[in-house]
Amino acid sequence: MPDLLAHVFIAYSLCRVLSWRYGWLTSQYITVGLVGAFIPDLVKVMLVLPSSVVEQALRVPFSWGSLATGGGRLLSVLIGVVLLADRERLRGGLLLGIGAGSHLVADSLLLTPTGHTVQWFWPLAQYRVPSLGLYLSTQPEPMLITGGVAVSLLLLHRHRYKNSDVSANR
Amino acid sequence: MVTAAKARVGMVVLLLAGHGLLFPLHATQPVNPDAWVLPGDEEISESPDQYLGERVEIGGIVSETSPLTVQLTHVDYHVRVTGTELEPAVGDKIRVYGTLTGSRMITAENAFVVPQRGRWYAWGISFLAGLWVLSRLVRHWTIDRSTLGFQPRAKPLTLKRALRGEERIDRGGEDA
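Residue numbers (my numbering), protein chains in the order written: chain U, 1 to 170; chain C, 1 to 176.
Simulated from the structure, these hints should not be mistaken for laboratory data.
Any given hint could be a false lead.
[Said to hold, decoys possible] Quick list of simulated restraints, FRET-style, between CB atoms:
id: 1; chain 1: C; residue 1: Gly83; chain 2: U; residue 2: Gly23; range: 25 to 35 Å
id: 2; chain 1: C; residue 1: Leu52; chain 2: U; residue 2: Val129; range: 23 to 33 Å
id: 3; chain 1: C; residue 1: Asp76; chain 2: U; residue 2: Val17; range: 42 to 52 Å
id: 4; chain 1: U; residue 1: Val60; chain 2: C; residue 2: Pro67; range: 30 to 40 Å
id: 5; chain 1: C; residue 1: Glu109; chain 2: U; residue 2: Val60; range: 27 to 37 Å
Quick caveat, the model's predicted, so the values are computed rather than measured.
All residues carry an ideal CB built from backbone N, CA and C; glycine is no exception.
All chains, full assembly: derive it from the sequences and hints.
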């Protein structure tokens, strides 16, 4: 994963462009897209509480790694969908999916020694998909580039709506 | 509605239980070279002879540079790495893909250094991202206390309105 800020910038850029096409996609829904971009990185809890520590405490084999697989991410998105009010499920769920999906795609570009990264279809299949190996998660470049794109889109958006009264659609 | 709230809590508990099942399942995943699930630090340290001649993937801290020796992550085991032109310093974190040619010997096919300074940078910047998204969520969305469902606020919350206690009037978003 590039750092989380880069993922949030990517989700923001996608949602902002879609908002020009779909009027209902206001800033409030863009926020849901940004939350969706966070879901795959729940796996970072392992930095605070390593799998081995949990394993010793529970005395069963344990790995946070499932959170970073396709199946684990789908479960996390579903939790978000359940937490939304009934009439927000469709739109909110769509945005959560866009956020989490863009994160998965970006993660699939990471540099690994084997050239293979995410288990998209686990637990159905173990296969780790091939990666383009573009960057390491610790490099600042992806954040700077995606940040530049996000800020440009925000400015373009403000310019487009300068003369119309869309104050809610910041 | 109490039933809606109960159903919501029940569903969340059910989905969390799903996660609870996946954690041990992922930990006990078998090695499967065809799917690129390769023997790693734990497998090699526990039974190196079982994986002799196989493709492996490891990560760890460089403890010696000549010969290149790596202390594996989370396990008390070190291996020598040959076949790479990488010239890391002692203390560098490296990741290696290669073949296990001896119980403590890997012939690398690919290896690179993970910059350590970058890791702190990634944590800090990710924390900022969290604060940004959390503040947007609080400003734009609210929880309906009767159903426990998230719904958009009629007007985004500002610090001024929050201090005046106006956010309570927002519930419902629009008239039912």
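Against the structure, the hints come out as follows:
For glycine 83/C and glycine 23/U, the hinted distance range of 25 to 35 Å is not satisfied, since their beta carbons lie about 59 Å from each other. In this structure the hint that leucine 52/C and valine 129/U lie 23 to 33 Å apart at CB holds, the actual value being about 28 Å. The supplied range of 42 to 52 Å is met by aspartate 76/C and valine 17/U, whose beta-carbon atoms lie about 51 Å from each other. Take valine 60/U and proline 67/C: their Cβ atoms lie about 39 Å apart, and the range 30 to 40 Å holds.
The beta-carbon spacing between glutamate 109/C and valine 60/U, approximately 34 Å, falls within the hinted interval of 27 to 37 Å.
In summary, the structure is inconsistent with hint 1 from the numbered list given earlier, while agreeing with all the others.
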